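Asker: This is what each chain is made of:
There are 2 protein chains.
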Amino acid sequence: MSEFLTLITPEEALRRLNAHVKTLVGVEQVRVTDALGRIVAGDLRSPEDLPAFPRSTMDGYAVRAADTYGASEGLPAYLRVVGEMPMGKHAALTVGKGEAVKVHTGGALADGADAIVMVENTQQVDAETIEVSRPLAPGENLLKIGDDVKKRDLLFPSGHVLRPQDIGAMTALGVTQVSVFLRPRVAIISAGDEVVTPETSPAPGQVRDINTHTISGLVRQTGGVPVPQGIVRDDAAELEKAARRAINDADVVVISSGSSVSTRDMTAAVISSLGKPGVLVHGVSLRPGKPTILAAVNGKPVFGLPGNPVSAMVVFDLFVRPTIFTVGGCPRPPMPPVVTARLTHNIASTTGREDYVPVALAVKDGTYLATPIFGESNLITTLVRAAGLAKIPLDKHGLTAGEMVSVRLF
Amino acid sequence: MSEFLTLITPEEALRRLNAHVKTLVGVEQVRVTDALGRIVAGDLRSPEDLPAFPRSTMDGYAVRAADTYGASEGLPAYLRVVGEMPMGKHAALTVGKGEAVKVHTGGALADGADAIVMVENTQQVDAETIEVSRPLAPGENLLKIGDDVKKRDLLFPSGHVLRPQDIGAMTALGVTQVSVFLRPRVAIISAGDEVVTPETSPAPGQVRDINTHTISGLVRQTGGVPVPQGIVRDDAAELEKAARRAINDADVVVISSGSSVSTRDMTAAVISSLGKPGVLVHGVSLRPGKPTILAAVNGKPVFGLPGNPVSAMVVFDLFVRPTIFTVGGCPRPPMPPVVTARLTHNIASTTGREDYVPVALAVKDGTYLATPIFGESNLITTLVRAAGLAKIPLDKHGLTAGEMVSVRLF
Numbered sequence: 000m001s002e003f004l005t006l007i008t009p010e011e012a013l014r015r016l017n018a019h020v021k022t023l024v025g026v027e028q029v030r031v032t033d034a035l036g037r038i039v040a041g042d043l044r045s046p047e048d049l050p051a052f053p054r055s056t057m058d059g060y061a062v063r064a065a066d067t068y069g070a071s072e073g074l075p076a077y078l079r080v081v082g083e084m085p086m087g088k089h090a091a092l093t094v095g096k097g098e099a100v101k102v103h104t105g106g107a108l109a110d111g112a113d114a115i116v117m118v119e120n121t122q123q124v125d126a127e128t129i130e131v132s133r134p135l136a137p138g139e140n141l142l143k144i145g146d147d148v149k150k151r152d153l154l155f156p157s158g159h160v161l162r163p164q165d166i167g168a169m170t171a172l173g174v175t176q177v178s179v180f181l182r183p184r185v186a187i188i189s190a191g192d193e194v195v196t197p198e199t200s201p202a203p204g205q206v207r208d209i210n211t212h213t214i215s216g217l218v219r220q221t222g223g224v225p226v227p228q229g230i231v232r233d234d235a236a237e238l239e240k241a242a243r244r245a246i247n248d249a250d251v252v253v254i255s256s257g258s259s260v261s262t263r264d265m266t267a268a269v270i271s272s273l274g275k276p277g278v279l280v281h282g283v284s285l286r287p288g289k290p291t292i293l294a295a296v297n298g299k300p301v302f303g304l305p306g307n308p309v310s311a312m313v314v315f316d317l318f319v320r321p322t323i324f325t326v327g328g329c330p331r332p333p334m335p336p337v338v339t340a341r342l343t344h345n346i347a348s349t350t351g352r353e354d355y356v357p358v359a360l361a362v363k364d365g366t367y368l369a370t371p372i373f374g375e376s377n378l379i380t381t382l383v384r385a386a387g388l389a390k391i392p393l394d395k396h397g398l399t400a401g402e403m404v405s406v407r408l409f
Numbered sequence: 000m001s002e003f004l005t006l007i008t009p010e011e012a013l014r015r016l017n018a019h020v021k022t023l024v025g026v027e028q029v030r031v032t033d034a035l036g037r038i039v040a041g042d043l044r045s046p047e048d049l050p051a052f053p054r055s056t057m058d059g060y061a062v063r064a065a066d067t068y069g070a071s072e073g074l075p076a077y078l079r080v081v082g083e084m085p086m087g088k089h090a091a092l093t094v095g096k097g098e099a100v101k102v103h104t105g106g107a108l109a110d111g112a113d114a115i116v117m118v119e120n121t122q123q124v125d126a127e128t129i130e131v132s133r134p135l136a137p138g139e140n141l142l143k144i145g146d147d148v149k150k151r152d153l154l155f156p157s158g159h160v161l162r163p164q165d166i167g168a169m170t171a172l173g174v175t176q177v178s179v180f181l182r183p184r185v186a187i188i189s190a191g192d193e194v195v196t197p198e199t200s201p202a203p204g205q206v207r208d209i210n211t212h213t214i215s216g217l218v219r220q221t222g223g224v225p226v227p228q229g230i231v232r233d234d235a236a237e238l239e240k241a242a243r244r245a246i247n248d249a250d251v252v253v254i255s256s257g258s259s260v261s262t263r264d265m266t267a268a269v270i271s272s273l274g275k276p277g278v279l280v281h282g283v284s285l286r287p288g289k290p291t292i293l294a295a296v297n298g299k300p301v302f303g304l305p306g307n308p309v310s311a312m313v314v315f316d317l318f319v320r321p322t323i324f325t326v327g328g329c330p331r332p333p334m335p336p337v338v339t340a341r342l343t344h345n346i347a348s349t350t351g352r353e354d355y356v357p358v359a360l361a362v363k364d365g366t367y368l369a370t371p372i373f374g375e376s377n378l379i380t381t382l383v384r385a386a387g388l389a390k391i392p393l394d395k396h397g398l399t400a401g402e403m404v405s406v407r408l409f
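Protein sequence lines, in the order shown, are assigned to chains A and B. Using numbering that gives the first Met the number 0, the first residue of the first sequence is number 0, and each one after it goes up by one. Using numbering that gives the first Met the number 0, the first residue of the second sequence is number 0, and each one after it goes up by one.
With the rest of the complex left out, here is chain A:
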């Protein structure tokens, strides 16, 4: 066996790769309403104060707080209602001593007033008079100018991934265009003499391509642009040609190759021939996914993924996903969805190795139950039946039925 595996932990492996990966510098302006999932390029500061005017947070009356000092149910303050503030306007209404102006939630504060008394704490005495049954502090039940966001406040640091509420925050502040990093282009090469396209009727010995399509979906979910490179024969010269084209055309290269030792060794040799520093990690203390190749060529990450679909998904999640975010300008990727579940069966493992086991999930009495899907790791049905991957940490010699386990949903 020519293969030399220095097994390091997944965490250490990613650190070694990160040291050689460059972030994209390309930036584009997009409409805020098209920016969902994009990564903010450059710190974004608020162009204005929000709210831009003092606003009531309650239905009630704008008053002078001093007029309510000492008010109680037994000894209420009496105020004269001099008008109603319409929504969407700042009507020329002034609250003088002993006066009140009716206001709705979100309405502007009348001039002269400094607090809002909730309608629940008032009693209508006659058409023009209310009783106030509790004292107010100045500023109560209202937002002052800039209480939500102040002009020049940092709204999002560079690298922030935009979520629905972030889009809403920008529209609230009148930000209609935003500068975002270009989406990383991820080239996907599927290598193997046995691999044919999904449209082909396979001859005996041939199988249709799975990983190009699974990985394309994963890349899309990660905010990247999948750039499938087609199927390449198990031939060093052909693979090298395809890999060179991919590295010129894309920001990240993923090579999914066969699972035989000879194929993996050839993939590693080809990657190393592309440029410096080449292969950084070949072999990780991980199951499935041990024969993973992590490499960098002139600042661009190159991955050699095991051919079987379960391994490919695990390796994508642990290494490719965070790297696509790093390349795309987001140094701290959003947390992947993980639930804590109670294991229904024992799972064997080995201390010093991180294991991921496909599990089905059910809910019982408000707790997730994780049932391992045992079987060959190269079965596509394993992944189709699974709701996620249960993690057996490095330091565990397996897990016992009844133990809690974290499950990465997919």
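Honestly, I wouldn't trust all of these hints.
Chain copies aren't distinguished; within one or between two, either way the pair holds.
Unchecked claim - Okay, derived cross-link-like pairs now, BS3-like style, lysine-lysine, Cα gap no bigger than 25 Å in a straight line:
{"no.": "1", "residue 1": "363", "residue 2": "390"}
{"no.": "2", "residue 1": "101", "residue 2": "289"}
{"no.": "3", "residue 1": "390", "residue 2": "289"}
Hints in this document: simulated from the structure, not taken from any laboratory. The structure displayed is predicted, hence computed values, not measured ones.
Use these hints to put chain B onto chain A, whose structure you have.
Answerer: Then chain B, alone, in the frame of chain A:
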């Protein structure tokens, strides 16, 4: 106060709505490679067996298991290597008694053989001979025809949401087109005399529209098509006109209206005027989100969402999200991402009410820490700073620092 709130639990509220909501019947054929996130319409069965030929799962030699019976390190079996099975072909090689054919992981099984011996359990004796140091059972280290998927096996039930691995499973089976439900069209109406578009420079008393854009993003994440209807004045006739147009044009209607009691009452009255059964729920034992309106008009769900952004997100997640899936043909929506975290501060609540509190998340010693973001619930910065919403269940009178809490990531 004309408002009459019958407070029911969020679970019961959703059940009442579901009883009146119809699933879309429209279906379209899409390319499998464009089907990520779509919902399968009709049970999908496998068109063929996978694998289509007996395949090795290891690097090694195809042998007759009977030739290895009794083999051990001390007393190995000697086999004559008669050839090598190339990848991607079924070469005319036959394994006779005492013979072996070299094979790679994923390669076809040679005729006459019924098991694969791993290369690790063999020793090369000379150019033509190997030693086998352990006995094999028939079928060992190989997949027989249909071991992964059998022809006509159920691959996905109708209503399954397609994930990356499901796309890969279909391409593996030569499925290149798939029948999916049409994406639900979700009309979004933003009502309020104070609301202006993001492009507008607001006059005193006016605020820019937030919820149309936040909700559009949430609808996209849920697989629906947002159909923004623009901003409508707080006028019953105008709102009714907009709502009627929305219900004709879309499959789901979301009305985000102001937070004042009068506005909410008007919204409820307008919804009830649209058709039967009208408003089903007005008020849920939920904070924020108490004044939620759930309604159905001729099988189409209509939602009245509170105006403030945090409430709108909570109500979207609890009611609109599952309903979009139901309408779209998926009766059991994918689990939303939830992590379990340790609370850093006490949170007050009331028994009988479900509370959602925006929290920031950090990781310490492998555990998530959830820090509540206190403050006005109508601040957009609360949502921008939050990583998710911590849930305080109905039966809890608040939670104490140190307790574990589930956090819905967003």
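Asker: Taking the hints in turn, state whether each one holds.
Answerer: Results for each hint:
For the identical chains of this complex, residue 363 and residue 390 are neighbours both inside a copy (21 Å) and across copies (18 Å), given an alpha-carbon limit of 25 Å. Taking the shortest Cα distances, residue 101 and residue 289 sit within 25 Å of each other only across copies (23 Å), while inside one copy they are farther apart (69 Å). When the C-alpha separation of residue 390 and residue 289 is checked against a cutoff of 25 Å, the pair qualifies only within one copy, where the shortest distance is 15 Å, while the shortest distance between copies is 38 Å.
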